[in-house]
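Participant: Sequences listed follow chains G and C, in order. First residue of the first sequence: 1, per this note's numbering; consecutive thereafter. First residue of the second sequence: 444, per this note's numbering; consecutive thereafter.
Treat the hints with caution; some may be incorrect.
[Unchecked claim] From the structure, some residues in chain G lie toward chain C, with a derived Cβ separation under 7 Å:
| id | residue |
| --- | --- |
| 1 | Val68 |
| 2 | Met78 |
| 3 | Ala81 |
| 4 | Leu175 |
| 5 | Tyr177 |
| 6 | Ala191 |
| 7 | Lys242 |
| 8 | Lys407 |
| 9 | Ala433 |
| 10 | Ala435 |
[Said to hold, decoys possible] Calculated lysine to aspartate or glutamate pairs in the DMTMM-like style (CA-CA distance at most 25 Å, straight line):
| id | chain 1 | residue 1 | chain 2 | residue 2 |
| --- | --- | --- | --- | --- |
| 11 | G | Lys438 | C | Glu649 |
| 12 | G | Lys407 | C | Glu646 |
| 13 | G | Lys421 | C | Asp654 |
| 14 | G | Lys438 | C | Asp654 |
Hints listed in this document are in silico derivations from the structure and should not be mistaken for laboratory results. We put the beta carbon where it would ideally sit given N, CA and C, even for glycine.
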Amino acid sequence: MSGISRRKVLIGAGAIAATAAVAPILAACQPTPKTGNGKVVVMTDPNEFNDDDRKTLEAATKLKIEVVASNLTTLYAMFAAGNPPDVFRVQAAGVPQYISRKMVKNLQPYFANSKLLKPDDLAPSNNFYKWDGKQVGKGDLYGMVKDWSPDFTLFAYTKAFDDAGVKVPSDTAALTYDELRDLAKKVNKTAAGKRVYWGFVHSNNDAWIDRTAMNMLAEKNQSLYSDDFTKLNISSNPEATKVIRYLYDLAADGVNQTPIDPSPNWMGADFNEGQIAILQYGYWYSAMAESDKTKGKTVFLPAPTWSGVRRDPTMTATGWVIASQTKDADAAWAVFEQYMGGKPAQDRAKSGWGVPGLRSLYPQMPQETAFQKQVQKVLQGELSKSDFVLQFNPYIGEETFSTSWKKNLEPALKGSISFDKFVQNIESEVNTAIADGKRIIGG
Amino acid sequence: MAGATQVLPRTMPRPAAWRRRRVRRAVTFYLLISPWLLGFVLLSAVPLAAAFVMSFTNYDGLNLDYLQLVGTDNYARALADPDAQYAVGRTLLLMAVIVPIGLVLQLALALMVNQPIRFSNVFRTIFYLPYVIPVVAAVWVWKIFVDPTGGVLNALIGTVVPGFNVRWLVQYPTAVLAVLTIWSAAGGGMVVFLAGLQGIPAEFREAAMIDGASRVQVARFITLPLLSPVIFFNLVTGIIVALQVLVQPMLLSPGILGLNPGTVPPRENYFYVVHAYIEIFTKQLFGYGSALLWLLFTVVLGLTLVLFKTSRRWVFYGVEPS
């Protein structure tokens with residue numbers, strides 16, 4: 001055909017493809033425009049940011065807010081396209097990595113000038129948003145928790161204890177992890193091959209297994225990683241081996257949900273269904289722990305201890321950060337500040353879905369029902385043990401350790417590999433990931 | 444030049460109207476194919492090209508501040524990666540199971556609903572339904588269906604075999620996945636086979652039967668050869684789907700994360716694209732993951748070409764393909 005040949009069209013299409021393939025990379029290399037358009041894109045969990053919150057913040061800031069549902073895959077894709085959300089939801093484990101990779105904005109100057117978010121009013125959990133290049137908890141502040149909980153506390157379903165003829169532990173004295181394991185074995189129950197009660201479910205189906213291990217180790221001033229985070233040390237650290245062995249044995253005991261005994265649901269729902277005797281979850285879960293089935297049969301217990309030096313920090317520190325590539329940092333901060341210190345923060349405090357990120361809001365936590373009062377009694381004791389951070393590795397993603405754990409736990413529990421090989425595989429995979437991360441960001 | 448014969452030019456000059464009509468036809472043609480072409484360029488060619496560029500870098504998907512060219516390191520790593528090798532084995536096994544069984548089932552269903560029986564349309568609809576159910580819903584239903592504690596499957600078998608209790612997703616995860624994949628794809632393949640069956644003129648079969656051919660001979664020498672282009676199509680698409688399986692094994696995995704970083708399928712369901720997904724989104728090795736996917740693309744392309752090459756020997760077209 002004259003004028004427009006197939007060849008020309010194919011060449012044109014190829015050129016468009018090549019240009020479009022390179023365009024995001026080139027675009028991302030351009031300096032970010034300094035001014036926005038009066039719109040702030042917030043990536044967060046819609047369950048934590050409802051339409052009323054959006055309207056409240058829009059009224060308070062005179063800005064338009066676009067909400068994008070929080071999802072790591074989408075977040076990475078937006079960063080890859082050079083167009084990340086202005087504000088996004090993170091968990092503590094990802095913070096050092098985001099800061100190291102210059103993805104989030106240093107908010108220290110904003111906090112210094114804020115009337116709503118005063119540094120001395122910030123809850124200790126906000127230290128998870130500090131990273132000086134070497135340690136979590138040191139340096140400038142890059143974000144803030146939306147709320148938080150001492151996360152190593154326990155919820156006991158008393159019916160499971162009654163069925164087993166076992167006394168429910170005291171809510172004034174912390175169990176040791178060894179006592180907890182013994183107790184879990186006693187209340188664990190299956191009937192005709194079907195699950196009645198899991199004895200002790202923890203670490204969010206192993207997604208947070210490294211956080212549990214880190215907190216146990218920190219009681220002895222030890223870490224999963226070398227001081228410079230360049231190596232995962234389990235086999236060469238007897239205490240780390242002991243902790244990992246303990247967590248592995250819990251899985252092997254069959255008291256926890258594992259790859260060979262999974263639940264089709266999440267652990268919170270299983271507790272509500274009366275299928276978990278002891279659940280390790282933070283204070284926030286008290287807002288939903290009492291279902292029709294568990295109402296009046298749920299007790300909140302202090303966090304267990306590994307070596308007698310009690311620590312009960314948050315292990316999630318879910319909060320917000322501002323992308324370093326935001327087109328309008330001031331607008332993003334305005335939304336951030338109102339969400340963290342304005343009416344939405346007060347509403348969250350009253351709801352009981354977490355300890356507020358500001359100390360001044362602590363008294364607003366609910367204390368009306370008998371359960372809420374019992375929870376508050378335990379919580380007040382735990383708050384004094386929560387002024388700690390976990391040292392997350394800046395070179396790896398927040399799921400790297402747990403993915404390796406889960407991948408190797410299944411063959412280990414099935415007997416295909418030994419415990420030593422299980423540890424060796426995790427070390428090898430995580431250390432490879434650390435080396436990859438280190439190669440990328442240097443340091 | 445009086446008396447000389449006038450020599451006509453060898454070709455007549457093209458009238459302007461004729462040229463305009465050709466241009467109009469070309470424009471119409473390209474406008475009509477533009478939705479597909481745009482879709483192909485933006486959704487296939489661009490990502491493919493971007494992934495190819497990425498596969499030679501250390502790109503982590505987060506920012507470009509630390510982007511570096513790494514040459515063919517990612518490809519060398521992929522070829523030496525034991526997890527990738529394991530995943531290739533599992534993927535080939537899955538393909539070897541679900542493609543032939545799927546094809547036979549699809550053809551059997553098509554033959555069944557092609558019979559002049561009452562309510563054949565109802566059966567066609569029932570068989571086709573799984574194909575249009577969203578994969579997330581289908582997998583979720585299966586997960587509950589095979590759950591050892593509250594699942595229907597164990598309860599049903601338990602009525603015949605008291606005390607029966609199998610953890611399907613733990614003990615037989617690949618079998619569950621294979622059945623789910625075959626079940627959900629059967630309707631789509633059936634419709635294609637049905638169209639092929641209905642395109643075979645009845646006269647061919649009737650003539651053969653008048654000549655004394657048995658039903659088996661009719662099937663062997665008339666139906667199957669004339670159906671071979673459809674078999675070929677379903678075979679190629681089946682192989683491509685099997686090699687790229689990702690969503691179903693991720694959604695069938697323990698936990699509720701689904702297709703998100705952190706999900707780890709049972710070891711038996713650790714397929715190639717699952718491995719690539721984990722490398723990309725969990726370990727943030729976008730460059731390495733892209734190399735893995737480009738290797739897969741090369742294999743798929745190679746396999747497809749081999750199939751096309753062999754198709755000359757066993758695929759019979761009513762008209763020769765151009």
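Participant: All the hints need checking, so say for each whether the structure fits it.
Facilitator: Taking the hints in turn, this is what the structure says about them:
{"no.": "1", "hint": "Val68", "in the structure": "violated, 15 Å"}
{"no.": "2", "hint": "Met78", "in the structure": "violated, 10 Å"}
{"no.": "3", "hint": "Ala81", "in the structure": "violated, 10 Å"}
{"no.": "4", "hint": "Leu175", "in the structure": "violated, 26 Å"}
{"no.": "5", "hint": "Tyr177", "in the structure": "violated, 24 Å"}
{"no.": "6", "hint": "Ala191", "in the structure": "violated, 10 Å"}
{"no.": "7", "hint": "Lys242", "in the structure": "violated, 25 Å"}
{"no.": "8", "hint": "Lys407", "in the structure": "holds, 5 Å"}
{"no.": "9", "hint": "Ala433", "in the structure": "holds, 5 Å"}
{"no.": "10", "hint": "Ala435", "in the structure": "violated, 11 Å"}
{"no.": "11", "hint": "G/Lys438 / C/Glu649", "in the structure": "violated, 73 Å"}
{"no.": "12", "hint": "G/Lys407 / C/Glu646", "in the structure": "violated, 59 Å"}
{"no.": "13", "hint": "G/Lys421 / C/Asp654", "in the structure": "violated, 69 Å"}
{"no.": "14", "hint": "G/Lys438 / C/Asp654", "in the structure": "violated, 77 Å"}
Checked against the numbered hints listed earlier, the structure breaks hints 1, 2, 3, 4, 5, 6, 7, 10, 11, 12, 13, 14; every other hint is satisfied.
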